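Go ahead and model the full structure; you've got the sequences and the hints to work with.
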Amino acid sequence: MAHQHSVAPAVAPAAAPAIPAAPGALARFLDGDVWHSFKNSPVAIIAAVIATLCVVCALFANWLAPHNPLDLATLELMDARLPPAWEAEGKAKYLLGTDDQGRDILSALMYGSRISLFVGLASVVVSVVIGVGLGLLSGFVGGRVDAFIMRVCDVMLSFPSILIALLIDGVGRAMFPNAHDTLAFTVLIIAISLTGWVQYARTVRGSTLVERQKEYVQAARVIGVSPARIMRRHVLPNVLGPVLVLATIHVATAIITEATLSFLGVGVPPTSPSLGTLIRVGQDFLFSGEWWITIFPGLVLIMIALSVNLLGDWLRDALNPRLR
Amino acid sequence: MLAFILRRLIQAMIVMVTVAFIAFMLFQYVGDPVTNLLGQDATPQQREALRRDLGLDQPFFVQFAKFAVNAAQGEFGLSLRQGRKVSVLIAERFPATLELATVAALLGLLLGIPLGVYAALKRGSFMSQVVMTGSLLGVSLPNFLIGILLILVFAVQLKWLPSFGRGDVVSFGNLSTGLFTIDGLKHLVLPAFTLSLFPMTLVLRLVRSEMLEVLRTDYIKFARARGLPDRSVYFRHALKNTLVPVITIAGLQLGAIIAFAIVTETVFQWPGMGLLFIQAVQFADIPVMAAYLCLIALIFVTINLVVDLLYFAVDPRLRIERSAAGH
Chain W
137 MAHQHSVAPA VAPAAAPAIP AAPGALARFL DGDVWHSFKN SPVAIIAAVI
187 ATLCVVCALF ANWLAPHNPL DLATLELMDA RLPPAWEAEG KAKYLLGTDD
237 QGRDILSALM YGSRISLFVG LASVVVSVVI GVGLGLLSGF VGGRVDAFIM
287 RVCDVMLSFP SILIALLIDG VGRAMFPNAH DTLAFTVLII AISLTGWVQY
337 ARTVRGSTLV ERQKEYVQAA RVIGVSPARI MRRHVLPNVL GPVLVLATIH
387 VATAIITEAT LSFLGVGVPP TSPSLGTLIR VGQDFLFSGE WWITIFPGLV
437 LIMIALSVNL LGDWLRDALN PRLR
Chain G
4 MLAFILRRLI QAMIVMVTVA FIAFMLFQYV GDPVTNLLGQ DATPQQREAL
54 RRDLGLDQPF FVQFAKFAVN AAQGEFGLSL RQGRKVSVLI AERFPATLEL
104 ATVAALLGLL LGIPLGVYAA LKRGSFMSQV VMTGSLLGVS LPNFLIGILL
154 ILVFAVQLKW LPSFGRGDVV SFGNLSTGLF TIDGLKHLVL PAFTLSLFPM
204 TLVLRLVRSE MLEVLRTDYI KFARARGLPD RSVYFRHALK NTLVPVITIA
254 GLQLGAIIAF AIVTETVFQW PGMGLLFIQA VQFADIPVMA AYLCLIALIF
304 VTINLVVDLL YFAVDPRLRI ERSAAGH
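Respectively, the protein sequence lines represent chains W and G.
To get our numbering, take the position in the first sequence, counting from 1, and add 136.
To get our numbering, take the position in the second sequence, counting from 1, and add 3.
Because the hints were derived from the structure by calculation, they are not lab data.
In this text, all values refer to a predicted model and were calculated from it rather than measured experimentally.
Some hints here could point you the wrong way.
Dumping the calculated SDA-like pairs for lysine to any residue here, alpha-carbon to alpha-carbon at most 25 Å [said to hold, decoys possible]:
id	chain 1	residue 1	chain 2	residue 2
1	G	162	W	420
2	W	350	W	321
3	G	88	W	311
4	G	162	W	417
5	G	162	W	342
6	G	69	G	87
7	G	162	W	426
8	G	69	W	442
9	G	162	W	236
As structure tokens, then:
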């Protein structure tokens, strides 16, 4: 436990890599209060510890994983479908058991969460860039541009995101039938990000409409700063607060969307299995009693999604001045 | 009022035309229909002849108009994977999805409303906190995982319920349903419950917050002051007034349920439209994808439109607010 506590301080920065770096001044200004509220919230600390554990395991899978699940040469079919080590037929070598090809589940989980986290974070970053950009433009320029962007948002919002992601994914697959790994990842990330940008666009547009009425923007106009520069240097830093919160929670959503798409068989290529792919593969073995092949990836997915969600909830309260 | 309806209708039309256009672009530019039909080694003359037969040499807008007319009649050509008419394929699969979605929606309402009322009336009690935490889990857990866990518990461990397919079905003309056979009903339990969790949590949370809101109003206090029994206050006065938004949201969710059925149908191998669609995505079967896209868009737009109009008709306060806001 003492060890875990020593991990906790590293967490606040670790929870934020998905979010484009807020300007230093803002971050420093928030740091004091946010840190204080973090120390006093046991839920946030536990969530942060779990999230950090998952991230560390995923990041350093190469060194931490007991086996290399992607190296076909090391697989032994003799070791296939072994139950977890604590069950009678389990081997200590494979803590969480093995799958049908003799892959170590624990190692597959580490490598799998790396892929899930990567796709999730990348999709959030792309969503934030698109959403914040369009939101700023919409709020700052107004008029027809605004009306058009907001109409597109309305239409997007009236369809469930999983459906839109599936469609974009399907179109991508149809356009590049022989897509190799990198391209498959790109298509997947684009599909997930194109469904997620709407909330950023709407939030940022709202705050931009407020900000642009303020005196500092007028002052900047008066001294002849170009609109593009006002948007980028003056308005943007002031509308990023809510984006930070949205982005944190969005990481969980994006990871779940990725898992769902991979589970449906239209996500990451089968050569680099993510958590969703592992669950998909494992589902076939449920009936022959090999529950561990699908349940462990499922548990890891739940752990990641829940801890990120809880962190996001905490961050929302911590950054909300009315609740302080 | 008339202007509002007209604006909504026009918006719906724009969405449908946009979706049809996307579907058309899919047909035209993703995958070459001529190659698909003739194969790689056709002569240029054959290709040219087929292009003319298919009308591919005509101007863009003529082609789009033709596509739209065909689509409006439900005609999307042949499935690339199965070589059968898309309209027939979808017609075969539609009843299964309809059955699943309807039962899930009803389940969501029938469980969600009482639970929501309970959580509002006994706010702060242990059980209502259990309900609220459970609903939070229901929202944040991936749906397919819940399905798998249910299979593990009820199908694999306890062996109470079957976990894939529809079981025995009874056919009425084009519609087939498993609602009238024991086997069919058994097969329906797990997928329908899994699919209903999402609308259920939504309805539960909505009913709870609306109830809390309504219970604070003056007319509830007045009803209490008149000495009406609790049951009458809660159910005849309070609940009635929370149901307008609930029904609206439930209506809007019907479309979402049909879309989410894609995932549930995959988990439980339920032979509905969603499974058809996911196979189409896996194999880049454009005609099926385009047809599904248009059908889903039509369902969504219709539901949105009906709900909007209903909302408008049912709640007189909105009429004033909306026209004041220039909506």
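Results for each hint:
A distance of roughly 16 Å separates the Cα atoms of residue 162(G) and residue 420(W); the hinted pair therefore holds under the 25 Å criterion. Between residue 350(W) and residue 321(W) the alpha-carbon distance is near 42 Å, which puts this suggested pair outside the 25 Å criterion. Simply put, residue 88(G) and residue 311(W) have alpha-carbon atoms about 23 Å apart, close enough for the 25 Å limit, and the pair holds. The hinted pair formed by residue 162(G) and residue 417(W) meets the criterion: a straight-line CA distance of about 22 Å does not exceed 25 Å.
A distance of roughly 53 Å separates the Cα atoms of residue 162(G) and residue 342(W); the hinted pair therefore is violated under the 25 Å criterion. Restraint check for residue 69(G) and residue 87(G): the C-alpha separation of about 21 Å stays at or below 25 Å, so the hint holds. Of the supplied pair hints, the one linking residue 162(G) and residue 426(W) holds, its CA atoms being roughly 16 Å apart against a limit of 25 Å. Distance restraint check for residue 69(G) and residue 442(W): the Cα-Cα separation of roughly 49 Å exceeds the 25 Å cut-off, and the hinted pair is therefore not satisfied.
Restraint check for residue 162(G) and residue 236(W): satisfied, since their Cα atoms lie roughly 24 Å apart, inside the 25 Å limit.
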